[in-house]
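Chains as they are written, first to last, in UniProt numbering: chain A, 1 to 239; chain B, 1 to 239; chain C, 1 to 239; chain D, 1 to 239; chain E, 1 to 239; chain F, 1 to 239.
Treat each hint with caution, since some may be false.
Heads up, the list lumps identical chains together, so a pair's fine if it works in one copy or across two of them.
To be verified - No more than 30 Å apart at the CA atoms, straight line, and that leaves these computed lysine-lysine pairs for DSS-like:
| id | residue 1 | residue 2 |
| --- | --- | --- |
| 1 | K220 | K153 |
| 2 | K220 | K83 |
| 3 | K83 | K153 |
| 4 | K52 | K83 |
| 5 | K224 | K19 |
| 6 | K53 | K19 |
| 7 | K53 | K224 |
| 8 | K83 | K147 |
| 9 | K220 | K106 |
| 10 | K234 | K53 |
| 11 | K220 | K234 |
| 12 | K53 | K83 |
| 13 | K220 | K52 |
| 14 | K143 | K234 |
To be clear, the hints were calculated from the coordinates, so they are not data collected in a lab.
6 protein chains.
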Amino acid sequence: MSRIDGRDNQDTREVKITKNYIKYPEGSVLIEMGDTKVICNASVEERVPSFKKDSGEGWVTAEYAMLPRATLDRNNRDIQRLKKNNRSVEIQRLIGRAIRAVVDFKALGERTITLDCDVIQADGGTRTASITGAYVAFVLACKKLLKDGLIEKMPLSAYVAAISVGVVDGEVLLDLCYEEDSHATVDMNVIMTEHGAYIEVQGTGEQAPFTRVQLDALLKSAEKGIQELIEIQKEVVEA
Amino acid sequence: MSRIDGRDNQDTREVKITKNYIKYPEGSVLIEMGDTKVICNASVEERVPSFKKDSGEGWVTAEYAMLPRATLDRNNRDIQRLKKNNRSVEIQRLIGRAIRAVVDFKALGERTITLDCDVIQADGGTRTASITGAYVAFVLACKKLLKDGLIEKMPLSAYVAAISVGVVDGEVLLDLCYEEDSHATVDMNVIMTEHGAYIEVQGTGEQAPFTRVQLDALLKSAEKGIQELIEIQKEVVEA
Amino acid sequence: MSRIDGRDNQDTREVKITKNYIKYPEGSVLIEMGDTKVICNASVEERVPSFKKDSGEGWVTAEYAMLPRATLDRNNRDIQRLKKNNRSVEIQRLIGRAIRAVVDFKALGERTITLDCDVIQADGGTRTASITGAYVAFVLACKKLLKDGLIEKMPLSAYVAAISVGVVDGEVLLDLCYEEDSHATVDMNVIMTEHGAYIEVQGTGEQAPFTRVQLDALLKSAEKGIQELIEIQKEVVEA
Amino acid sequence: MSRIDGRDNQDTREVKITKNYIKYPEGSVLIEMGDTKVICNASVEERVPSFKKDSGEGWVTAEYAMLPRATLDRNNRDIQRLKKNNRSVEIQRLIGRAIRAVVDFKALGERTITLDCDVIQADGGTRTASITGAYVAFVLACKKLLKDGLIEKMPLSAYVAAISVGVVDGEVLLDLCYEEDSHATVDMNVIMTEHGAYIEVQGTGEQAPFTRVQLDALLKSAEKGIQELIEIQKEVVEA
Amino acid sequence: MSRIDGRDNQDTREVKITKNYIKYPEGSVLIEMGDTKVICNASVEERVPSFKKDSGEGWVTAEYAMLPRATLDRNNRDIQRLKKNNRSVEIQRLIGRAIRAVVDFKALGERTITLDCDVIQADGGTRTASITGAYVAFVLACKKLLKDGLIEKMPLSAYVAAISVGVVDGEVLLDLCYEEDSHATVDMNVIMTEHGAYIEVQGTGEQAPFTRVQLDALLKSAEKGIQELIEIQKEVVEA
Amino acid sequence: MSRIDGRDNQDTREVKITKNYIKYPEGSVLIEMGDTKVICNASVEERVPSFKKDSGEGWVTAEYAMLPRATLDRNNRDIQRLKKNNRSVEIQRLIGRAIRAVVDFKALGERTITLDCDVIQADGGTRTASITGAYVAFVLACKKLLKDGLIEKMPLSAYVAAISVGVVDGEVLLDLCYEEDSHATVDMNVIMTEHGAYIEVQGTGEQAPFTRVQLDALLKSAEKGIQELIEIQKEVVEA
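Model the full assembly from the supplied sequences, consistent with the hints where possible.
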């Protein structure tokens with residue numbers, strides 16, 4: 001059985017990462033996974049939050065948002081409701097944790113890198129696309145710091161990418177689009193390093209609990225997709 | 001090697017669930033896991049959010065908060081900063097998803113049950129204690145609805161409990177207290193049904209990525225803890 | 001005529017003050033007056049508001065809130081409406097004023113004590129119970145400061161307690177429960193020291209103006225109740 | 001000993017109430033008590049809050065605020081801090097209660113009268129001046145409703161005025177200006193009807209507890225002042 | 001054809017500027033243009049925003065608001081909606097820009113002057129009345145600074161006033177009242193110096209685009225009005 | 001003298017309007033004027049604000065925002081400060097007024113079109129680019145409504161575009177980039193129809209008042225630029 005867009009179950013959508021998409025940020029990419037499009041900007045600022053003051057260490061944080069019409073129906077802006085969207089809060093915490101897991105804060109020095117992930121078009125998998133794109137923007141910003149002599153070595157221990165997997169109509173699918181995601185009984189986001197270690201595993205039985213057998217199949221599918229994404233990240237960074 | 005509080009690695013802390021703790025809610029418990037204490041109240045309201053209007057189906061939602069001095073240092077109240085704490089947002093979304101996974105919304109009818117989890121003393125594992133306690137409060141509220149003739153059958157498919165596990169000094173520990181949690185390299189929260197199916201698995205390599213072997217050991221440890229918690233839930237509900 | 005709960009007009013409800021209720025605060029009690037239950041925590045912080053900077057003097061402030069289901073119907077949390085409940089604002093200002101009236105700010109030194117009064121179950125008289133409980137939490141925190149050698153003498157000039165009185169069906173009642181309070185034509189809160197001096201008197205003709213004769217009877221009733229409460233406070237502190 | 005502005009202890013400051021001060025409101029006055037100046041506008045709106053819907057009864061509410069430079073130093077506007085000033089919250093609740101105590105809600109019919117008290121210059125006693133002025137604005141609005149045939153009788157049972165009294169340097173003073181208020185050891189606000197009944201008594205020992213003898217002297221002083229204010233209110237209304 | 005209030009097309013309404021209207025501000029006026037009444041207070045504070053720190057230069061900023069019942073219908077206060085009114089934001093930015101255009105920030109020294117324009121009664125032209133009044137309050141504050149020896153010369157290069165003009169029923173009218181403004185097809189606000197130079201020109205085709213011929217006629221009308229206003233400003237300042 | 005980017009004084013930057021940029025909105029373009037890039041989305045919703053209810057007429061409104069790193073330095077998001085940026089408020093009001101000036105609300109029918117202008121890269125002239133782009137997005141949305149049979153004729157009376165002009169070093173320049181804008185002594189935004197009528201003229205003497213001669217020269221320059229932009233709009237719409 002082929003999928004809604006003709007892919008095989010273990011195929012990712014077409015992935016495109018455009019480097020230096022916005023001209024001002026220290027690192028910037030547009031990541032496209034199928035129709036999901038996210039601008040990921042890495043901004044370097046020479047200050048740290050109070051809990052890092054005088055520690056000699058830096059910090060990395062993330063913000064995630066969607067344009068009002070990134071989705072089928074228009075959503076009000078956060079400022080209209082005076083409240084950051086709850087889903088966005090959860091996602092930006094995830095992005096920050098994911099990247100921080102491979103950062104060497106000593107090597108980064110006392111500065112903050114903020115990763116802004118702004119979804120301009122959403123078609124499923126925006127949080128994982130944000131992580132995959134933010135990682136590249138982060139590397140680009142670090143390369144700039146290195147080139148400018150502000151740091152002595154790249155403050156990163158491994159490439160990181162993320163992908164969503166899920167169970168739809170009893171089958172394990174890789175890289176769900178929105179239509180598939182809305183019918184999934186199990187939804188899982190996996191973040192891994194290039195060395196195959198897990199940074200975060202989040203699996204949810206949205207409509208029904210899931211079994212250990214399903215969990216294993218989902219992890220295997222995700223691993224395949226992530227390794228492909230990391231290949232693309234490397235090509236973009238090194239281009 | 002024994003743990004900071006003398007427990008073995010696969011021991012949970014002492015668990016105590018006090019039924020009908022607050023007199024007004026339809027369901028109410030105080031859950032204590034060691035020094036972690038959470039008041040879980042289930043409130044029934046005869047209205048549903050707009051996306052459930054005229055659907056014949058009900059809804060379940062959760063709110064999580066900590067008293068300012070539930071922790072070692074005093075935290076400002078959310079209202080002081082005009083912003084719900086980001087961590088609390090993430091947790092209350094998790095609690096809501098966890099309970100909804102076993103709810104039969106048709107059987108519940110067009111009403112909303114709100115699960116308020118207020119941590120009065122925090123010593124690690126507050127989100128998993130909240131889920132375990134909220135489930136009992138939810139069952140109590142449903143039993144009241146059944147007794148009052150407002151529903152015809154219990155709108156629940158399985159008992160649900162949650163526990164935290166983690167890797168500390170290279171060892172897999174069950175039910176981490178705060179001190180242990182702050183030294184864990186891997187932190188995982190697992191939510192399961194009485195039938196051993198997963199509702200949510202969230203594993204994070206807080207300080208370093210983790211391996212598949214660790215993931216498997218953590219899941220096994222969590223399963224043991226959850227089955228013990230479900231025994232206690234059943235005793236409390238049936239008492 | 002006996003009251004709704006069988007008490008005589010000049011009886012208080014059963015009063016119970018549990019010392020060291022929460023483990024982290026410098027002072028902590030659970031005060032119960034009948035079914036009204038308030039957690040009162042006193043937190044010491046080594047900083048003062050800007051108007052006390054470099055004055056050598058300390059400060060005392062209070063915050064008051066209710067859990068969403070402390071009442072018969074569920075109330076939304078303040079953060080939901082982005083606005084501190086107006087009644088809570090009025091009450092926390094009263095608690096702060098009441099305790100500050102007997103504090104020796106020089107003896108306290110340049111530090112702030114915050115008195116958090118969180119109502120977990122409300123059945124009338126929550127503001128006066130909060131004052132009576134907060135005073136004990138405050139004393140406990142001061143005793144800890146004294147024991148730790150941070151202050152040289154107790155920074156307090158007198159015990160303080162508070163109680164509500166009112167006119168219901170033409171009779172003066174002491175310590176109104178919620179049911180009585182909602183039928184009272186006059187409602188008065190009195191805060192006194194152990195020496196019988198007034199700290200605050202607030203009388204309101206909720207449904208009708210009141211006479212001087214009623215005012216005198218209300219003050220007499222309140223004085224009786226407060227002296228009983230101060231006895232209990234002393235026993236708890238000295239236990 | 002004469003006072004800072006030459007008054008005797010039991011003298012009020014010069015009182016002036018300008019009727020129809022703003023042209024749009026149904027009732028409007030500027031009240032001046034010495035240098036304290038408050039614009040009091042009564043607005044009639046043909047709707048009631050939800051708890052009065054279909055009750056056949058009306059509602060009265062009040063809002064109180066100060067212009068940023070009504071005081072010696074400039075204060076930020078509430079909207080700057082996204083938070084209604086706590087003192088203003090307390091005061092506007094007091095104004096609303098005070099007027100509601102003499103309103104016949106049935107006679108008012110299902111409409112709301114909002115009493116906006118905006119202090120343009122503050123020199124002590126702004127809350128009591130607001131009540132005294134708001135009462136007149138309220139009467140004017142009711143007279144307009146009566147004239148327009150929207151109500152059948154005046155929905156008010158008695159004239160209401162308010163004044164502050166206090167103990168300064170051991171003496172009981174009537175109608176304190178800001179300078180006196182800031183040195184008072186006891187501060188009391190009294191709201192009474194033309195028939196000498198109390199609507200609200202709020203006495204605070206700001207710097208020290210106070211005795212019953214002081215309480216009695218303060219009430220006597222306030223009564224004198226209020227009767228004078230009510231004479232002036234009547235002249236203004238009937239002019 | 002004469003206007004709604006009997007004026008000729010090129011007449012302004014009666015203008016009255018009352019000096020030292022509020023006693024605390026360094027500069028204060030009440031400006032009345034017909035039934036439009038605005039309190040303009042200039043407050044001097046010995047601090048500057050961060051972008052002027054250590055620059056040796058001062059800053060001027062403005063805030064604009066209306067009392068809830070300055071208009072025919074009552075408007076909620078900004079703090080009720082937790083949001084500064086959008087129209088007010090636009091206007092206060094305009095007032096600030098207008099005055100800053102003639103300020104010598106070096107001569108002012110490192111201090112901030114805040115111009116609070118509070119409309120107590122609105123009948124059209126509140127933004128231009130605010131600018132004309134705020135300019136006078138600003139001059140008065142500067143004269144005080146000069147008199148107190150805090151500055152060495154007046155930090156102002158020219159008198160500034162503003163007026164509204166518009167096209168109503170095809171005719172160019174000067175100084176529109178609210179009734180006229182609500183029927184205008186073109187609405188223009190002009191801010192000029194005493195030397196006839198423009199500080200700001202804002203013309204809007206509210207209901208239809210406008211021609212170059214109309215633009216020229218509107219500018220001519222505004223110039224006449226502004227020169228009259230500046231005469232009045234000078235008389236008030238020099239009185 | 002040629003300009004910073006080699007243009008002649010009366011040249012616009014390169015203009016590019018990409019149609020159907022985002023897939024979900026009823027109308028969507030990316031407009032690029034040099035390095036200024038704005039996503040303009042027009043969303044149709046079948047509801048109107050309360051003041052248009054049951055009027056048979058529609059409404060058009062606009063929202064404007066910048067991504068945090070659209071600029072050289074990173075700006076915090078509005079939601080971080082719980083306050084819509086004041087400059088953005090002013091701009092979105094301008095965009096809404098500009099488009100509404102040519103809309104036939106009867107022909108639009110009772111529906112709302114929201115024009116979201118999100119600046120992803122800012123290099124001067126973002127407000128005028130937003131208007132020029134939003135107009136095209138609006139036309140595209142109307143064409144869709146027409147095609148879908150929801151309206152009977154295009155509800156628009158004329159093409160509209162906008163451009164900035166300014167005086168830099170004494171010379172009148174068309175379409176200022178950020179570097180030029182920051183040195184301009186006069187800054188003007190002009191909005192015109194294809195028929196050469198003005199919709200809005202906003203000229204500001206940012207650092208010095210300006211003369212009538214300058215005003216005339218600025219208007220002439222703007223007219224040239226706008227006619228060029230309207231040619232491009234027409235090509236895009238008709239392509």
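Right, here's what the structure says about each hint:
1. K220 x K153: Close neither inside one copy (33 Å) nor across copies (40 Å); limit 30 Å.
2. K220 x K83: neither (38 Å within a copy, 39 Å between copies)
3. K83 x K153: neither (39 Å within a copy, 38 Å between copies)
4. K52 x K83: both (27 Å within a copy, 23 Å between copies)
5. K224 x K19: within (24 Å within a copy, 36 Å between copies)
6. K53 x K19: neither (32 Å within a copy, 38 Å between copies)
7. K53 x K224: neither (40 Å within a copy, 42 Å between copies)
8. K83 x K147: Neither, since 39 Å and 38 Å both go past 30 Å.
9. K220 x K106: Classified as neither: same-chain Cα gap 34 Å, cross-chain 35 Å, threshold 30 Å.
10. K234 x K53: neither (33 Å within a copy, 45 Å between copies)
11. K220 x K234: This pair counts as within: shortest intra-copy Cα distance 22 Å, inter-copy 36 Å.
12. K53 x K83: both (29 Å within a copy, 24 Å between copies)
13. K220 x K52: neither (38 Å within a copy, 36 Å between copies)
14. K143 x K234: within (13 Å within a copy, 44 Å between copies)
When each numbered hint is compared with the structure, violations occur for hints 1, 2, 3, 6, 7, 8, 9, 10, 13.
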